[in-house]
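Participant: Sequence:
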Amino acid sequence: MASVKLAIDFGSIDTNIYLVGSGLVLSEPTVATVDVENMGEIKLFGHEAKKMIGKTSKNTKVVFPVFEGEIVNQMVAVSLLDKFLEKLEIKNANSCHVLFSVPCGVTAEMINKYKRVSKICGFAKVNFVEAPILSIIGQRVPFNNSSSYFVIDMAGGATNIAAVSMDGVVSGVSLNYGANNINIELMDYIAETYGLQIGLLSAEKLKNEIGSLAQNDMLATVVNGRDLETGAPRSISIKADDVKIPVRKYYDRIYDYANALLTKLPPEISAEVRRLGIYVSGIASTIYGLEKYYTDKFGVKINIAENAGLSVALGGGMVLEDGSLLKKVAISEK
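Per the numbering used here, the sequence shown starts with residue 44, numbered consecutively.
It is worth saying that the hints were derived from the structure and are not from the lab. No experiment lies behind these values; they were computed from the predicted model shown. Some hints here could point you the wrong way.
Subject to a maximum C-alpha distance of 30 Å in a straight line, what follows is the list of computed DSBU-like cross-link-like pairs (lysine-lysine) [claimed, not checked]:
hint, residue 1, residue 2
1, Lys168, Lys126
2, Lys130, Lys168
3, Lys104, Lys86
4, Lys86, Lys98
5, Lys158, Lys134
6, Lys340, Lys287
7, Lys156, Lys371
8, Lys370, Lys340
9, Lys94, Lys370
10, Lys307, Lys340
11, Lys371, Lys344
12, Lys156, Lys86
13, Lys101, Lys248
14, Lys292, Lys168
15, Lys307, Lys98
16, Lys371, Lys340
17, Lys371, Lys335
18, Lys370, Lys158
19, Lys162, Lys370
20, Lys287, Lys370
21, Lys248, Lys307
22, Lys307, Lys282
23, Lys134, Lys101
24, Lys248, Lys168
25, Lys335, Lys370
26, Lys130, Lys98
27, Lys162, Lys292
28, Lys307, Lys292
29, Lys130, Lys282
30, Lys158, Lys130
31, Lys98, Lys162
32, Lys371, Lys158
33, Lys98, Lys335
34, Lys282, Lys98
35, Lys156, Lys370
36, Lys168, Lys101
37, Lys307, Lys104
38, Lys292, Lys344
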């Protein structure tokens, strides 16, 4: 019988692990550096591997084993999970009952990839629950047979938008479009507007330091990169208002999808959304000004999760702690 219970949010950008009895025990980037001649051999992982993005030699490759919510490199996924468990000093994977969060509307093929990885890792038992359900549970709102909520979970590689109830996802969609796309938009915009090429980590730093949805935000930072005309290193000062176009592009697109879904909900759930508002979580929901920006656009209350980037993992832990709840929300396998 499994003696260790782990809720794993194995995301495209970050991995969050909740250990029942201890709480959230790990939050690291879902990335590894590997030897190009032996793709199963991890050199660095997590935070240390992320620092190597754009800095590796020809003998080393930076690998993200999860892309847009789907496992795309089984070998590295297994090795990375092994490293995370080793860091947590969990020596026997066959003692683990693992709950994985998966995208809304996950396919059988995607589930099978998680199963294959879990089998190689040696996990004793595995369950799967869709991310928007775990998100709402992790936000500690009342979740029972009569409740229903509208959730937007803005993860790194994918965004899940869904109306959920205890019966599951009533209506929802998983978009292959997440917080990482903001970084890419920023890279392209800085290159086109300022003639400066910046890296992925610099774009992420720019987003984290001055990314904003507020009007006339004058917060500024310095960004470093390579001049596209001369090839020489160059720095420029950027204000939040200067990059509002690429930043808002992601949030406006998510609004469009969410609003389209809202118009198709059953009347009873629409009434609940009007009364309770929309619940927003995920790492992209921490941007300054989102609550007001979305309140104005949707016309309803916007509830930003307190532990926005951790809501799914926290919800997974709460589900594992409640056997009856697990039976109700876990994806049934035929």
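Participant: Would you check the hint for lysine 158 and lysine 130, treating anything up to 30 Å between C-alpha atoms as holding?
Facilitator: 22 Å, holds
Participant: Tell me if the straight-line CA distance from lysine 156 to lysine 371 falls inside 30 Å.
Facilitator: 23 Å, holds
Participant: Mind checking the alpha carbons of lysine 86 and lysine 98 for me, to see if they're no more than 30 Å apart?
Facilitator: 14 Å, holds
Participant: Taken at face value, is the distance from the CA of lysine 98 to the CA of lysine 307 at most 30 Å?
Facilitator: 47 Å, violated
Participant: Under the criterion that the straight-line Cα-Cα distance not exceed 30 Å, is the pair lysine 130, lysine 98 satisfied?
Facilitator: With Cα atoms ~25 Å apart, lysine 130 and lysine 98 stay inside 30 Å; holds.
Participant: Starting from lysine 340, check that the Cα of lysine 287 is at most 30 Å away, please.
Facilitator: 16 Å, holds
Participant: For a C-alpha distance cap of 30 Å, please report whether lysine 371 and lysine 340 respect it.
Facilitator: Violated, at about 34 Å.
Participant: With a cut-off of 30 Å on the C-alpha distance, tell me whether lysine 307 and lysine 282 pass.
Facilitator: Distance ~39 Å between lysine 307 and lysine 282 Cα, so the pair is violated.
Participant: With a cut-off of 30 Å on the C-alpha distance, tell me whether lysine 130 and lysine 282 pass.
Facilitator: Given pair lysine 130, lysine 282 is violated - Cα atoms ~39 Å apart, limit 30 Å.
Participant: Is the straight-line distance between the alpha-carbon of lysine 162 and that of lysine 292 30 Å or less?
Facilitator: 40 Å, violated
Participant: Does lysine 307 lie within 30 Å of lysine 248 when you go C-alpha to C-alpha?
Facilitator: 38 Å, violated
Participant: Is the hinted pair lysine 248 and lysine 168 satisfied, with a Cα-Cα distance of at most 30 Å?
Facilitator: 38 Å, violated
Consistency note: the structure conflicts with the earlier hints numbered 8, 9, 14, 15, 16, 17, 20, 21, 22, 23, 24, 25, 27, 29, 31, 33, 36 and 37.
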